[in-house]
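Protein chains in written order, with our numbering: chain A, -12 to 289; chain B, 79 to 342.
It should be emphasised that the hints constitute simulated quantities derived from the structure, not laboratory data.
Everything numeric in this text was worked out from a predicted model, so none of it was measured.
Note that beta-carbon positions come from the ideal geometry of N, C-alpha and C, so glycine has one too.
Some hints could be false.
Some, not all, of what chain A presents toward chain B, calculated at C-beta under 10 angstroms [said to hold, decoys possible]:
1) G46
2) C47
3) F145
4) R155
5) N170
6) G255
Listed below are the residues making up each chain.
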Amino acid sequence: MNLTSLLNALPGAVAQGLIWGIMAIGVYITYKVLDLADLTVDGSMATGGAVCVMLMLSGCNVWLALACAMVAGMLAGLMTGVFHTAMGIPPILSGILTQLSLYSINLAVMGFKANQGINVTKYALIVSQRNVREINFSNPIFTSLIVLVLVIAVLYWFFGTELGSSLRATGANGAMSRAQGINTNVCKILGLMISNGIVALSSAMLSHYQGFVDVNMGRGAIVIGLAAVIISDVIFGKLFRNFALKLTGVAIGAVIYYIVLQVVLWLGLNTNLLKLLSALIVAVFLAVPHWKANMKGGRGRA
Amino acid sequence: MLELKDVRKTFNPKTVNEKIALDGLNLRLEDGDFVTVIGGNGAGKSTMLNAIAGTWPVDSGSISIDGADITHLPEHRRAALLGRVFQDPMTGTAATMQIEENLALAARRGQRRTLKIGITRQEREAYREKLARLGLGLEDRMTAKVGLLSGGQRQALTLLMATLKKPKLLLLDEHTAALDPRTAQKVLELSEQIVTENNLMTLMVTHNMRDAIRYGNRLIMMNEGRVILDISGNEKKRLTVEMLMDAFAKASGEAFANDRILLS
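Bound-form chain A, shown alone (with noise of 0.2 angstroms):
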């Protein structure tokens, strides 16, 4: 145990919080502001990357392929949607359903191979593994950076729009907002859009980053997504009020999140029991409200 491979792990720790950190924004989005445990990111956590490789290696150019990644993330937001609204099928359900179902779908895409490489020498990748301790601008933490800041951008800016309210108070309170004339489902199906069209964003991006698509790669998403959420809870939540600060807190809480994980390998836990390492820590925070409740004897949320 020498201090100095802990270090080195480091910015390869950061740059892959920032990454994660944008699918965790997506997570917000439905969990914190629709008010829905959304599924459906396990699957398309690996969409994302699958598009995006797949596209490239046959010559498309590297931001539509990026374009065509989200495209593919909001259709998947739009099944589970659909599963949801239309079906009258529990959230949950319906996003483990869509889940079910990318992953055949993810596996057609990248030509029924568990995984596909893409070369950072050969193809024009916005992120690399390789540049993570580079000090200048091809460091995939400074191009992960200015992602993540581009989408709070845009979402701070959605959430304030008309459109964007009637999302926010679908998600606080449904009857009060068809009575406000809001059409509830079509929002659920919009928020469930958003958020995994910008987690497929995440998932290109991630690809890019190590260098390959897996069909795997999007399994415990929801998880991390949830630990970084609750995260920011924890350590932000009377500090940030404002909404881009909240989504800020929430990229933070993923990198948090990444290095206490780079802390944990480095104090020699056995990689295989990371997810239920993380699992078992995100089940404990979410009943934290449920215990408070029970202790001060009141109403409890859950």
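For chain A, the structure is supplied; the task is to place chain B on it using the hints.
Below, chain B alone, put in the same frame as chain A:
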């Protein structure tokens, strides 16, 4: 004008919990009518309001406002014509959003929601004035989350939201039942003031017979999903609680059973 024709609604049909909530309900309101609605437990008062608002589809019959059939319109489309205040103060407002944001949502009822900014500076000024007229000091707390307000403040705000964009029909569903007596009185007076100022066609469900007599120009009593008593004009002005109890016994053949009414 509101017209309900032979409206029927059965909950949990063909089960042991089957409940005929509306049983061929007929009712016609003219513009400017302020109708109070009373009735025993399960008489169909709230069910009638929900049927008008479109919370769920009715089994048969028709509902129209100003001659336009709204029976099959989804809830959010009917909202353009309706202002609603609910029994539970939590239902009418979005707790995690600011006071001014709630008002801005209500101001756009019946409009297409676009990518224009959700609340403009001119709007804020207009809301400040309207809030000031409630006399609750909310005009100085416009960016406070609605969840911080008391039940009475929330009902007053919901009332303002329901009438910010003048509705064809205002539906008040026991909107003071969850408040303490003094606050309830205030909210009722405010309701009457807003209804009179805007000359709103209004249906107000209440469990308090005295309020039902005091407010409005017309009173209807419901029992088993139908209107069994309809009193308006001078006849209503002379009404007493005892007369209402007698009328109920005569019309339904049983004693008036509403635990909350008897207690109040």
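These are the hints, each one checked on the structure:
1. G46: Violated. Min distance 35 angstroms.
2. C47: 29 angstroms, violated
3. F145: 8 angstroms, holds
4. R155: 6 angstroms, holds
5. N170: 5 angstroms, holds
6. G255: 43 angstroms, violated
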